[in-house]
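Protein sequence lines correspond, in order, to chains D and B.
The first sequence begins at 223 in the working numbering and counts up one residue at a time.
The second sequence begins at 223 in the working numbering and counts up one residue at a time.
Each hint can be trusted.
List of simulated lysine to any residue pairs, SDA-like, C-alpha gap at most 25 Å:
no., chain 1, residue 1, chain 2, residue 2
1, D, Lys-251, B, Gly-620
2, D, Lys-251, B, Phe-569
3, D, Lys-251, B, Thr-590
4, D, Lys-634, D, Ala-567
5, B, Lys-251, D, His-573
Honestly, the hints are just simulated from the structure, not real lab data.
Number of protein chains: 2
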Amino acid sequence: MSSEVLQRFHPLFYPRSVAVVGATDNPFKLGFHALSAVTSSGFEGEVYPVNPGAGESIQGLRAYRSISDLPRGVDLFVYAIPARQVIPSVREAVEMGGNAGVIFAGGFRETGTEGGLLQEELIGIANAGGMKLIGPNCIGVVNKQARLNATFASPLAWFPQGNVSVVSQSGGMGNSILNEIMDEQVGISKFVSIGNRANVEFADMVEYLAEDPDTAVICLFIEGLDDGAAFLEKARLASRRKPVIVYTRGYTESSSRAALSHTGSVASSESVYRGAFRQAGLLQVSSSSEMACVAKAVAMGAVPEGPGVFISTHSAGPVVAICDICERAGLRFPPLQPHIAEAIAGFIPEHAVAANPLDMFAFAWTDTSLYLKAADLALAQDDIHCAVSVFVTGGGAGPVFPAREYAEIGRKHGKPAFICLVTPWALASDIADAQQQGAVAFSSPEKMGSVLVNLHHLSGLRDEA
Amino acid sequence: MSSEVLQRFHPLFYPRSVAVVGATDNPFKLGFHALSAVTSSGFEGEVYPVNPGAGESIQGLRAYRSISDLPRGVDLFVYAIPARQVIPSVREAVEMGGNAGVIFAGGFRETGTEGGLLQEELIGIANAGGMKLIGPNCIGVVNKQARLNATFASPLAWFPQGNVSVVSQSGGMGNSILNEIMDEQVGISKFVSIGNRANVEFADMVEYLAEDPDTAVICLFIEGLDDGAAFLEKARLASRRKPVIVYTRGYTESSSRAALSHTGSVASSESVYRGAFRQAGLLQVSSSSEMACVAKAVAMGAVPEGPGVFISTHSAGPVVAICDICERAGLRFPPLQPHIAEAIAGFIPEHAVAANPLDMFAFAWTDTSLYLKAADLALAQDDIHCAVSVFVTGGGAGPVFPAREYAEIGRKHGKPAFICLVTPWALASDIADAQQQGAVAFSSPEKMGSVLVNLHHLSGLRDEA
Numbered sequence: 223m224s225s226e227v228l229q230r231f232h233p234l235f236y237p238r239s240v241a242v243v244g245a246t247d248n249p250f251k252l253g254f255h256a257l258s259a260v261t262s263s264g265f266e267g268e269v270y271p272v273n274p275g276a277g278e279s280i281q282g283l284r285a286y287r288s289i290s291d292l293p294r295g296v297d298l299f300v301y302a303i304p305a306r307q308v309i310p311s312v313r314e315a316v317e318m319g320g321n322a323g324v325i326f327a328g329g330f331r332e333t334g335t336e337g338g339l340l341q342e343e344l345i346g347i348a349n350a351g352g353m354k355l356i357g358p359n360c361i362g363v364v365n366k367q368a369r370l371n372a373t374f375a376s377p378l379a380w381f382p383q384g385n386v387s388v389v390s391q392s393g394g395m396g397n398s399i400l401n402e403i404m405d406e407q408v409g410i411s412k413f414v415s416i417g418n419r420a421n422v423e424f425a426d427m428v429e430y431l432a433e434d435p436d437t438a439v440i441c442l443f444i445e446g447l448d449d450g451a452a453f454l455e456k457a458r459l460a461s462r463r464k465p466v467i468v469y470t471r472g473y474t475e476s477s478s479r480a481a482l483s484h485t486g487s488v489a490s491s492e493s494v495y496r497g498a499f500r501q502a503g504l505l506q507v508s509s510s511s512e513m514a515c516v517a518k519a520v521a522m523g524a525v526p527e528g529p530g531v532f533i534s535t536h537s538a539g540p541v542v543a544i545c546d547i548c549e550r551a552g553l554r555f556p557p558l559q560p561h562i563a564e565a566i567a568g569f570i571p572e573h574a575v576a577a578n579p580l581d582m583f584a585f586a587w588t589d590t591s592l593y594l595k596a597a598d599l600a601l602a603q604d605d606i607h608c609a610v611s612v613f614v615t616g617g618g619a620g621p622v623f624p625a626r627e628y629a630e631i632g633r634k635h636g637k638p639a640f641i642c643l644v645t646p647w648a649l650a651s652d653i654a655d656a657q658q659q660g661a662v663a664f665s666s667p668e669k670m671g672s673v674l675v676n677l678h679h680l681s682g683l684r685d686e687a
Numbered sequence: 223m224s225s226e227v228l229q230r231f232h233p234l235f236y237p238r239s240v241a242v243v244g245a246t247d248n249p250f251k252l253g254f255h256a257l258s259a260v261t262s263s264g265f266e267g268e269v270y271p272v273n274p275g276a277g278e279s280i281q282g283l284r285a286y287r288s289i290s291d292l293p294r295g296v297d298l299f300v301y302a303i304p305a306r307q308v309i310p311s312v313r314e315a316v317e318m319g320g321n322a323g324v325i326f327a328g329g330f331r332e333t334g335t336e337g338g339l340l341q342e343e344l345i346g347i348a349n350a351g352g353m354k355l356i357g358p359n360c361i362g363v364v365n366k367q368a369r370l371n372a373t374f375a376s377p378l379a380w381f382p383q384g385n386v387s388v389v390s391q392s393g394g395m396g397n398s399i400l401n402e403i404m405d406e407q408v409g410i411s412k413f414v415s416i417g418n419r420a421n422v423e424f425a426d427m428v429e430y431l432a433e434d435p436d437t438a439v440i441c442l443f444i445e446g447l448d449d450g451a452a453f454l455e456k457a458r459l460a461s462r463r464k465p466v467i468v469y470t471r472g473y474t475e476s477s478s479r480a481a482l483s484h485t486g487s488v489a490s491s492e493s494v495y496r497g498a499f500r501q502a503g504l505l506q507v508s509s510s511s512e513m514a515c516v517a518k519a520v521a522m523g524a525v526p527e528g529p530g531v532f533i534s535t536h537s538a539g540p541v542v543a544i545c546d547i548c549e550r551a552g553l554r555f556p557p558l559q560p561h562i563a564e565a566i567a568g569f570i571p572e573h574a575v576a577a578n579p580l581d582m583f584a585f586a587w588t589d590t591s592l593y594l595k596a597a598d599l600a601l602a603q604d605d606i607h608c609a610v611s612v613f614v615t616g617g618g619a620g621p622v623f624p625a626r627e628y629a630e631i632g633r634k635h636g637k638p639a640f641i642c643l644v645t646p647w648a649l650a651s652d653i654a655d656a657q658q659q660g661a662v663a664f665s666s667p668e669k670m671g672s673v674l675v676n677l678h679h680l681s682g683l684r685d686e687a
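For reference, chain D alone in the conformation it holds in the complex:
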């Protein structure tokens, strides 16, 4: 099966050639942005601009007046054309042996009965020709591994390459999630905005990404499902192989109206979803930022194997916040064993108490080696499953947390070592540096607490499975 699903969607994610239908030199048209997105991402396959009104070239590439002028067997067709032109154009692509398509236009199922019929017709044509369609009513597909940006948004190619994949019903929310992932300084693998889901559903993408060797964690933004059972079946299988994180919205009256006019989804009740998702082993989060933070920890291999946290700091306030968030969710800050407490008492400053949480006052800010000694001792304790060091970064003007040595201590004990590196975005490079050195860092106590809670839930899901 593995190779089957990877093969089925290979032309979509790894096309040898891409045709941009509706490509143009006019920057006020979507077709302009669609073509420049494909050409500016470093994609190395053939690119064919198609426009009936074209001259010799579009954006410097040889132009084609019709799909029938193209070589046979173009892998991926990107449709930057109005809804009414989509059906004949997809029919042509199928006749020319096209394998996959991305359709940006709205005007299908989300607009009511008539649009629904159009979408049915579209699905019939695509299915008959074995063509997989992303959309309609979407922003398309990005695959960093193939340097493919089959959207109309060039900036999507800026996101660094990594192993987090995102499938979103909404292009805008997908973008928001990608933004948060980029802000967490990790990279993406595949991004799919699936919109109206003509003949590619969440179930398909989850099945694909579960097999995809370049995806370590699957992130889904869902407004509504047509075939919940099919999705849950694939999701259950996927979550046994790698973490699947789900963020759902559309549960109120006004948001349902927005969702309906959007991708034609009718939301179920929140509680029905929650229960079913949990049973399928999916981790549920409630914001783009939360999703990005937990995806980062997973992508970096930092999933604690139990609820015990050791936390040390030079500033107690952030620890108060982190403990508040964690303890309520069932995480624990186990007391230190006497011999460990004694060893720690040997080097912490006067007035400091060798306990967990461990507050070493401002001394630890100037002498950061105290963090390393404390973590090395505490991580040896059986009921402690990860270390968290809280450090308020001073940028170039202050001391720097020894992330490399700290990460090394985590590896030595086989337990995650996190840093809550309290940082404004002006100093985000401190986070990036710490992560390049192997430690997983979060910029605020609330993010740090929320990540620990979500990782704890993730362990719970694994234990239940």
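Let chain D serve as the given structure and place chain B on it in line with the hints.
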């Protein structure tokens, strides 16, 4: 009263002269960082480094071997010395006519009975001499209006000047809140880390900031209160003059332990606090980021006068998320009046429905004037109290939201105009640009939704008062 409280704390916030006791040339000591924080912030008053072991100068400034060598009447003493030296040093400062002090050292009330007695002695000396003490066990005071950075953290001077003031029990959490405020691209006025609260309490700072003409909104991080009644009385008076936002932590067993070893606070139960704070008219938030976002809206004068929101977009997903968050908190998305709907129907694209939420599809992304027309029409409707435009920014590579014209429309109708400008931090300058043009922008749908909810709660508090 106004002038009395401003005068009482004038030497603390607007000192003519600052002595840094424990100043040194050794960068591994706090006294090094304390002196360089004062001298690198642009402070224009006299600065006196004091160290018994000093030579002629410290960091290029004339050095003093003892406080008694200083000119009489130095306004502010910054103590970067160990706890055991603090009491004699404060006594000397009082004798030399010192008016205010900042004490970084821990080792007082937070360490137990003995430390508590030390703190009592300290308070006695300061009170007898009329000296106001911030701390002990704190990171100090920043006043952007006076270019004063009386902390040991030079980077705190980087925060831009504005009208948001922050008082935090914890230096680290204070820093986290300042970071989030900076990330929201607004500026601060006063920052006070009050630590153990020797003789300056939250009540004093709230009273001061309520009168301070440079403070538009007061942000408090509280772990515990000694005299709740005194605080609530001052807070009630303050919240009638300007919004007071409170973030509290320390409600669980592990976090209480951390808080106790921290600034010697014993937390009450959460529900007791919540009820009392609400009665006093304080807006309660649950994260640094939430605090910064709502403070920004208030600081920019964007507080809607009712629950009616008009929201328009080119991408429905973020609107689904915003509506979900808002509707649950009692906000409303009123149906458009027929004549307004009709006018909007005249320019929105085929398939779009002239409703609220208003989805104009990708057309509005390329033709951003649709947002302006829609907001201008909708804001004329009585039961609509603010406009929210959702726009996924493409940086330099895509269209730019017309923030100036949009802000102008808001002003014309006397109603706030928000942009949910879905943006990664790499494009944070888009947020800054929009705000310089007068529109209030948030980078994610969750932040946008949360701000609207908090502003709605703020109106509720005002109506109750």
